[in-house]
Structure formats: structure tokens, C-alpha cells
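Given the structure of chain A, go ahead and fit chain B onto it with the hints provided.
Here's the letter readout for the chains.
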Amino acid sequence: MKRTRLNGAWLGLALAMAWSGAGQAQSAAASDPTDAGKAVFKRGNCVGCHKWHGNGGGGYGGDALSLRKTELSREQIIETVTCGRPGTGMPFFVRGSYDTTKCHGMSRQDAGDQMPPEANVFLRPNEIEAVADYVLAHIKGKGEPSYAECTAFFGDGSRVCNIYKEAGHAAAPSDNNDKAKP
Amino acid sequence: MTRLHWSKTHMLAALVAAAGTIGGSFAYAEDISPDRLLNADKEAGNWLHHHKNYSATRFSSLKDINKDTVKNLKVAWTMHLGGVEGGGIWSHGGLEGTPIVENGFMYVTDGWGSVYKIDAHGGKGVLLWKMDPKTDHDWAGAVACCGVDNRGVALWGNLVVSHTLDGRLIATNKETGQVAWQRQVADPDKGEVITGAPLIVKDMAITGVAGAEYGIRGWIAATDLKSQKEVWRTHTIPAKDEPGHETWKDDKNAKASGGGSTWVTGSYDPATNTIVWGVGNPGPDWDNEYRPGDNLYTDSSLALDADTGKIKWHYQHTPNDPYDYDSVAENVLVDVPGPNNTTLKLALEADRNGFAYAIDRTSGKFIWGLPFVKKVTWTKGLDPESGKPVEYDPKQGVQKYNASVTPSRTNKVTDICPGNMGGKNWPPTAYNPDLKLWYIPVIESCNRITLEESDPAKLKPREFWTGGGPSQPFKITGSVTAIDVTTGKVAGKAETDFPNLGGILATPDLVFSGQPSGEVIAYDAKSLAKLWEFNTGGGVNAPPMTFSVDGKQYVAILVGLGGAWDKWFIDATPELKRMQPGSMLYVFAL
Numbered sequence: 001m002k003r004t005r006l007n008g009a010w011l012g013l014a015l016a017m018a019w020s021g022a023g024q025a026q027s028a029a030a031s032d033p034t035d036a037g038k039a040v041f042k043r044g045n046c047v048g049c050h051k052w053h054g055n056g057g058g059g060y061g062g063d064a065l066s067l068r069k070t071e072l073s074r075e076q077i078i079e080t081v082t083c084g085r086p087g088t089g090m091p092f093f094v095r096g097s098y099d100t101t102k103c104h105g106m107s108r109q110d111a112g113d114q115m116p117p118e119a120n121v122f123l124r125p126n127e128i129e130a131v132a133d134y135v136l137a138h139i140k141g142k143g144e145p146s147y148a149e150c151t152a153f154f155g156d157g158s159r160v161c162n163i164y165k166e167a168g169h170a171a172a173p174s175d176n177n178d179k180a181k182p
Numbered sequence: 001m002t003r004l005h006w007s008k009t010h011m012l013a014a015l016v017a018a019a020g021t022i023g024g025s026f027a028y029a030e031d032i033s034p035d036r037l038l039n040a041d042k043e044a045g046n047w048l049h050h051h052k053n054y055s056a057t058r059f060s061s062l063k064d065i066n067k068d069t070v071k072n073l074k075v076a077w078t079m080h081l082g083g084v085e086g087g088g089i090w091s092h093g094g095l096e097g098t099p100i101v102e103n104g105f106m107y108v109t110d111g112w113g114s115v116y117k118i119d120a121h122g123g124k125g126v127l128l129w130k131m132d133p134k135t136d137h138d139w140a141g142a143v144a145c146c147g148v149d150n151r152g153v154a155l156w157g158n159l160v161v162s163h164t165l166d167g168r169l170i171a172t173n174k175e176t177g178q179v180a181w182q183r184q185v186a187d188p189d190k191g192e193v194i195t196g197a198p199l200i201v202k203d204m205a206i207t208g209v210a211g212a213e214y215g216i217r218g219w220i221a222a223t224d225l226k227s228q229k230e231v232w233r234t235h236t237i238p239a240k241d242e243p244g245h246e247t248w249k250d251d252k253n254a255k256a257s258g259g260g261s262t263w264v265t266g267s268y269d270p271a272t273n274t275i276v277w278g279v280g281n282p283g284p285d286w287d288n289e290y291r292p293g294d295n296l297y298t299d300s301s302l303a304l305d306a307d308t309g310k311i312k313w314h315y316q317h318t319p320n321d322p323y324d325y326d327s328v329a330e331n332v333l334v335d336v337p338g339p340n341n342t343t344l345k346l347a348l349e350a351d352r353n354g355f356a357y358a359i360d361r362t363s364g365k366f367i368w369g370l371p372f373v374k375k376v377t378w379t380k381g382l383d384p385e386s387g388k389p390v391e392y393d394p395k396q397g398v399q400k401y402n403a404s405v406t407p408s409r410t411n412k413v414t415d416i417c418p419g420n421m422g423g424k425n426w427p428p429t430a431y432n433p434d435l436k437l438w439y440i441p442v443i444e445s446c447n448r449i450t451l452e453e454s455d456p457a458k459l460k461p462r463e464f465w466t467g468g469g470p471s472q473p474f475k476i477t478g479s480v481t482a483i484d485v486t487t488g489k490v491a492g493k494a495e496t497d498f499p500n501l502g503g504i505l506a507t508p509d510l511v512f513s514g515q516p517s518g519e520v521i522a523y524d525a526k527s528l529a530k531l532w533e534f535n536t537g538g539g540v541n542a543p544p545m546t547f548s549v550d551g552k553q554y555v556a557i558l559v560g561l562g563g564a565w566d567k568w569f570i571d572a573t574p575e576l577k578r579m580q581p582g583s584m585l586y587v588f589a590l
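Here the protein sequences line up with chains A and B, keeping their order. Per the numbering used here, the first sequence starts with residue 1, numbered consecutively. Per the numbering used here, the second sequence starts with residue 1, numbered consecutively.
Bound conformation, chain A alone (with noise of 0.2 Å):
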């Protein structure tokens, strides 16, 4: 992840490390302990349900919960990233749940037709931790999603964060048209 620029998301911890040119700002990114989490909400792809800003919300997928309204502790996020959650979409995790690990006190013949899908990758306790502590970290409490926050997430190879930016963005020819000729 490749960050030139200057974001509020973590301008405090630039500042506070007497930030004094881009290259600085990369290792200050780069020591963002919760980094391992957010590779992790990658690979994972939480962002696949959950999308990049934690909001889910419906579509073809049914509903992935808000993570950024979740009430849930690091405890209880560590457990539903674990064991799913049986009778919805979201999948479990680690490799054995329901089968040499009970989860919520069930084994996958318990579960019946409740059990949840399983991942298409398994996760470490250790992974489980850290994307728990990202989620915490960067995305349960926090309101609409923002430029900064995007920028975080995706760096600024891609246009994904236009519409994120207060000033606009460069139209496209369509939205010309648009108003020339519906």
C-alpha cells in the first residue's frame, strides 16, 4: 500500500512523529499497528460482503450488517469471525468450527440447516485478532464513510474515493449529457 499523500485520518500520527516529507509518511503509515487487521479484512474479503467501508448493506448478497454500527466487543467480533453466524450469510472461519470445536455450543449435525457457509479462506486466531482490532480501530462507531478514510483503505491508485471528495470530481463526458438529452 503506497500512500503519498497528506489524509486526516492519520494526519495526528504524521504530526505527532514530526512528519517532514512523503517517505516518513509511508513508515509512519506503515507502523499503523492495525495494518496486519486491514490485510487481513483483504484477503479475507470481509470487503466482499462487508465492503471496503464496513457499511455491508443489501443487494445480491442479502445483508451484511453495518461493522461501522456494530455494537459487538472484540470479544464477540472474535467469535462470529470464528464460528459465523449460524442461519445468515456470514461464514465461519476457522477450520473446524462446528466440527472438532463446538461453536455456540453446537456441532455442524446441531446446526442442521442453520450452518453457516464456510470461508473461502481460513484465518488464524492471530489473523482473527487483528482484523478484529481493525474493525475496532478504523471502523465500528464511525459515521459516513470518508476521502481520508477511503485514501486509508485503498492508497491512490484508483478512483474508487471520487465521490468520497468534497471539491467533486472530474465528470465524465455522460454526465454532460445527462443534461444535454435525457
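I should point out that these hints are in silico values taken from the structure, not numbers from a laboratory. Just so it is clear, CB atoms sit at the ideal spot from N, CA and C, and this is done for glycine as well. A portion of the hints provided could be inaccurate.
Stated by the list, open to error - Here are the in silico distance ranges between beta carbons for each label pair:
| # | chain 1 | residue 1 | chain 2 | residue 2 | range |
| --- | --- | --- | --- | --- | --- |
| 1 | A | Gly96 | B | Asn535 | 47 to 55 Å |
| 2 | A | Asn120 | B | Asp68 | 53 to 61 Å |
| 3 | A | Ser107 | B | Arg409 | 34 to 42 Å |
| 4 | A | Gln109 | B | Asn402 | 32 to 40 Å |
Just chain B, lined up with the frame of chain A:
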């Protein structure tokens, strides 16, 4: 951009071809003129249009591979392609494209829109160049409802014309693989992406857009390939002073985010200079109480004047749709004998709602319609005169159809058949003009819809705007279903274990199709008996095509399961969870 070294064979082919050109009979490196595009079927060995010809029949007259010889069909060569990486909400890309072949050179795309030119001479495939448009993965992949997909290229002049998921139209020099120019046509900031192949009409590239699950207002746009400027853009949802606006009766301006996407390449009738193009579902998909009225021109077939984009007629299949039954499918333009020595000029469309329709393509009038899936529950059937669902009541703003299964604010969890992926999705049909049989790639399905009330506060750019979502408690299978177009009756059904996610190729006595479990299958065109099968080991999610080079016939197909299925619908086909992402071209020959 990678420019690969020319192989010796290619050099040789070029020399032979150059010699041939002097002789005047062999077309090498000849520009693609509007005339060649009009007469695409005269070039029997080539496949110049996305749907083979302007009528979108996907019928090839090549017949060295036929019902007697097909048992000897074998892999001639294969090629690994790229674009399998994920982006946005997608863990990987897939292949949904139809290869284009001109004079032994093949052009294919991968899901992120890279274009590959392959020399298919001499019984093998040699990659000549790859044009990588560097699609913005996160920008586009986060608002692609249904996968990292690109359905292929078109040819015009000396250019290869293609789209990217992030909304560009790109013209690439056919010989060098260098980008000649590009133009931003769609805007992912609004949730617009492009997955379809362009349709070339005269000197224009016609572009359709996806995004009805993200609150877009759909359109079809024409770009002049000479000036690179937009010629027209017709919105599929009327503005407030245009006819049809009165079919949006709400007070929330629902039509501004009313969907109506156009992501499947349409067809063209040169006799009347008419483009026929399918329009997708209204948004929010399931909460039709949010948008009382028929919601024109969603779920419709639209006929447009090719020069101006002006709407000539429309036929709507599911007014005020509460099921996500889009009508985005291709319209196949065919002529069949009618009563009293007349000729019926038809547009055939196999709709997501489970019914196949024949519309008079000169007037937009309904001729016949019938269910092509085994199970339809949302309506008792079509009115024989109008073709509208019998429960349709134009006096009602909000349609209930068969109310017991229709998702609504008072019936929030319901099971519908066909499921929302439809009886048939984007995978193309094919039509055999000799047998007058039309082959539909069918998803035999039901699924469960959970409705969520929409309100304007939930409408945000680049966020889902669906008013609910599907889940998959039922097993879903498939079929290839043949319809006799002279009678409007089902003529046969070859059932398959899995839904048909790839589409169909027809030849004089064969029908080719694939399965997401890996098989490519040849059926007898009349009986639909299975005559040949080969397991590619990857999920077939793209249509087969055929071509000839050096006098030899080949069948080609892209293999790599992606699209909507393996993210959103996989629970209906649990066995497919083991299919691995992949990106591979298979070419078969006798």
C-alpha cells in the same frame, strides 16, 4: 501493452496471405467495412459480430463438424489467458466472452477487458499481442453487481473495438495492438460499468451499460468511430417531458435512479435501420411499491432508429417488475412464414421472467409467447392478445401478479419461480434458420426473495439499491430448450444437472453448449440427443463459436467460471463450489 514476437508461422501466413491478396481472392488484413459487417454471414469461416450477424442468430453454416463426425472432435489447442485476479467486491474474474475471428486471427477478452490477438493458422494458437487497458479494479469492481466480466470485442476498419468494466470504449490497432484512442462512456462514480461487447452499426459503436442494482438511469449510446464523438445517447427511462414518464407515478423521483440497464449486446435490422436492444430491471429490484406505474422502458425490448437513437417502438414484458426479471437479453431477428403467404418479421426474446416472446419487429406488436422453463409461479400465464401477464391491471400502480408469491411490503419473504437469475440470463440463444428452431440456454430455477423497504435516504452513489435480496434454498438445474418458431411451441428440452451459464452455438445439424461443471456438449439439432462431450475441467460461463482457417473448421470456447453465479447463487448448486477460478481458451477440431 505487450508486443510479442511474431512467430515464424505467422510470418509465413502473412507472406502467403500477401501473395493471395495479389491474386485477389484472399482477404488478409483487409479493413472491416460496413458492407462486410452487413454481409457477415457470407464470410462462412469468419465470426465478425458478437452474435455472429446483425440478426443475432449465432448460427454458422460450417458443417465439416456435423452429427456424423462430431464424435471425433478433439482439443486442437488451448491457451491460458489472464485477468483472473479480483478487485472491488470480487475475489476473481471470469470469462464470458465470445471470440471474434477474422481470416484466421482471433480476438478475445478477459474479464478485466484485456484484448488478446491470437494467430489461429496452422492448427495452433500463437498469441500476437495483448492490450491491457489497466482497468481500475477497485473503482469498477466495487460496483459490478455480477462479476468481473467482459463479453468481447467488435471489429471496424483496422481497429479492434472493446469496452472496459470502468466505463471506457477503446479502439486498438488491429495489427500492432497499440491503443489508437479511448473514450470514457460510462461513469463508475454513478455505479455505471460496462460488460457487454460493442455493436458496430455503420461507423458507430453502440454501447450498453450495467448498474440497475446501484441506482443508475440506464442508456444506450452511439459513438462515431471516425470523430470519436458521441452521436446519440438514449436513456431507457424517459425524462419528465418525454412520453413514458407518466409510467413513474411516485413522488420521490424514482425514475432518476430507476435502473433499466442495457448490458447485453443488441441486434440490428438494416432493412429498417433499426437497432433492437433489451432493457433491464427497474430499481430498486424488488420493492415495486417504491415506484408505482409500469416503469417504462424497464423490462422492455426497445427499437431505436440507428441514426438518431430515437425510440421507434417498445414492448414491455413485466410491467412494474417486483422480481428482478430483466429483459436485457438479445433479440434475435428472424423471418418465418406466416398465415396467408405472409412473412412474419419477428424479434425473439427469451426473458428472465421465464417466457419466450415473438414480437413483430416492424411494429412492436405481440405475436406469441410461451413459458420455456418447467416451472413458472409468478403468473398464471400470458394474455394471448397482448402478451401481458394475465393478472396485469393497467389501472393499478403497483402490480401484484400472483400475490401469494410476489414479494411486497406485506409479503416480505417469498419463493418465486423462475428465480431472479431468470429462466434465461445473458447467455445468448441461437437460431437454426433451416430447422426454424430457436435454442434457449435455460436456468431451471426458483429462489427466495426477502424484501426490504426502500426509502430515498438509503439511495447513495455506488451502493446497492435493490430493495431486498435473494437467497438460495432450492437446487437449481438447467436445460437447452428448443422452440419451433413457426408454431411457438417447445420442440424439445435437453436437461442438464446445472444451469446453463454459457449460451449456445447452432450449426446446420448440431447445437453446442457448456456447463458450469466443465463440460462442453454437442447435441443433435433436431432431437437434442447428446452426441459428444468433453470436460474442460473449468466452469463454462461463455458461449461456444465456430470458425474455419486453412480450410479446417474449429469450435472455440472460453472457460473460467466467474460472473454472478459463484458469488451470489452458488448455494443453489453446492457441487460447483469446487470449481476453481480459471482463464482458458479451448479450441476443438476433428
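Do the hints match the structure? See the list:
Restraint check, Gly96 of chain A to Asn535 of chain B: a C-beta distance of roughly 32 Å breaks the suggested window 47 to 55 Å. A C-beta distance of roughly 45 Å is found between Asn120 of chain A and Asp68 of chain B, which places it outside the suggested range of 53 to 61 Å. Between Ser107 of chain A and Arg409 of chain B the Cβ separation comes to about 39 Å, which falls inside the hinted range of 34 to 42 Å. At roughly 37 Å, the beta-carbon separation of Gln109 of chain A and Asn402 of chain B lies within the given 32 to 40 Å, and the hint holds.
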